[in-house]
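**Q** Sequence:
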Amino acid sequence: MSKKLSARQYGKSAEDKALEFLQRQKLKLLARNYRSPQGEIDLIMRDEDTLVFIEVRARHNSDFLAAVESIDTHKRRHIIKASEHYLQRHGSYAACRFDVITLSGALDKAGIDWIKNAFAA
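The sequence shown begins at 1 in this note's numbering and counts up by one.
If you are wondering where the hints come from, they were derived from the structure by calculation, not from laboratory data.
Quick caveat: nothing in here was measured; it's all calculated off a predicted structure.
Possibly wrong hints are sitting among the right ones.
Straight-line C-alpha distance at most 25 Å; calculated SDA-like pairs for lysine to any residue [what the hints assert, rightly or not]:
| id | residue 1 | residue 2 |
| --- | --- | --- |
| 1 | K12 | L51 |
| 2 | K81 | L27 |
| 3 | K28 | F119 |
| 4 | K75 | A121 |
| 5 | K116 | I71 |
| 6 | K116 | R76 |
| 7 | K28 | A118 |
| 8 | K26 | A118 |
| 9 | K75 | Q38 |
| 10 | K17 | A7 |
| 11 | K12 | N33 |
| 12 | K28 | K4 |
| 13 | K75 | H90 |
| 14 | K109 | A121 |
| 15 | K17 | Y34 |
| 16 | K116 | D16 |
Ranges between beta-carbon positions, derived for each pair [said to hold, decoys possible]:
| id | residue 1 | residue 2 | range |
| --- | --- | --- | --- |
| 17 | D49 | A7 | 16 to 24 Å |
| 18 | P37 | K109 | 12 to 20 Å |
| 19 | K109 | R32 | 20 to 28 Å |
Heads up, the beta-carbon is just placed ideally off N, CA and C, and yes, glycines get one too.
Just need the whole structure built from these sequences, with the hints factored in.
**A** Okay, here's the thing in structure tokens:
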């Protein structure tokens with residue numbers, strides 16, 4: 001019988017799974033759980049010449065609210081502000097984008113949806 005994960009453990013496991021998926025797509029990890037005074041970015045990766053800020057969302061059950069629906073205007077604003085903070089400290093890129101990775105259900109069986117350019121700054 002498997003032990004139920006805490007919300008924090010579930011979130012970290014979801015990020016691990018998302019990171020593995022993105023690395024198989026040839027993205028390169030630059031930062032994980034990047035924190036700024038304005039917010040946090042789950043993953044910052046490079047996709048060829050594009051800097052990608054990635055929000056990972058996972059839900060055990062999407063009956064109430066789908067993972068992607070939980071990224072509201074307030075959350076997007078924090079991600080954008082945190083990305084500006086990152087760029088000020090690490091230099092600019094020719095192109096940047098905001099992606100969302102969603103996972104639903106048990107992580108060992110979860111499907112992964114990758115939404116490129118999920119929102120704009």
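**Q** Work down the list of hints and note, for each, if the structure agrees.
**A** Taking the hints in turn, this is what the structure says about them:
The hinted pair formed by K12 and L51 meets the criterion: a straight-line CA distance of about 22 Å does not exceed 25 Å. At most 25 Å may separate the alpha-carbon atoms for a hinted pair to count; K81 and L27 meet this at roughly 23 Å. A threshold of 25 Å between alpha carbons decides the hint, and for K28 with F119 the separation of about 21 Å falls inside it, so the pair holds. In summary, the hint linking K75 to A121 is supported, as the alpha carbons are separated by about 12 Å, within the 25 Å threshold.
This hinted pair checks out: K116 and I71 have alpha carbons roughly 14 Å apart, not beyond 25 Å. With a C-alpha separation of about 14 Å, the suggested pairing of K116 with R76 holds against the 25 Å cut-off. Between K28 and A118, the direct Cα distance comes to roughly 19 Å. Compliance with the 25 Å bound is thereby established for this hinted pair. Restraint check for K26 and A118: the C-alpha separation of about 19 Å stays at or below 25 Å, so the hint holds.
Annotation: proposed proximity of K75 to Q38 holds, straight-line Cα distance about 10 Å (limit 25 Å). In summary, the hint linking K17 to A7 is supported, as the alpha carbons are separated by about 15 Å, within the 25 Å threshold. Proximity of K12 to N33 is assessed by CA-CA distance (about 10 Å); at most 25 Å being required, the pair is judged to hold. A distance of roughly 31 Å separates the Cα atoms of K28 and K4; the hinted pair therefore is violated under the 25 Å criterion.
Taking the CA atoms of K75 and H90, the gap is near 22 Å; set against the 25 Å cutoff, the hint holds. For the proposed pair K109 and A121, the alpha carbon gap of about 33 Å is over 25 Å, so the pair is violated. Simply put, K17 and Y34 have alpha-carbon atoms about 18 Å apart, close enough for the 25 Å limit, and the pair holds. Taken as a hint, the K116 and D16 pair is honoured in the structure, with Cα atoms around 19 Å apart against an allowance of 25 Å.
Distance hint check: the CB atoms of D49 and A7 are about 36 Å apart, inconsistent with the given range 16 to 24 Å. In this structure, P37 and K109 break the distance hint of 12 to 20 Å, their C-beta atoms being roughly 38 Å apart. Against the hinted window of 20 to 28 Å, the Cβ-Cβ separation of K109 and R32 comes to about 24 Å, which satisfies the hint.
Violated hints, listed in ascending order, are 12, 14, 17, 18; each of the other numbered hints is respected by the structure.
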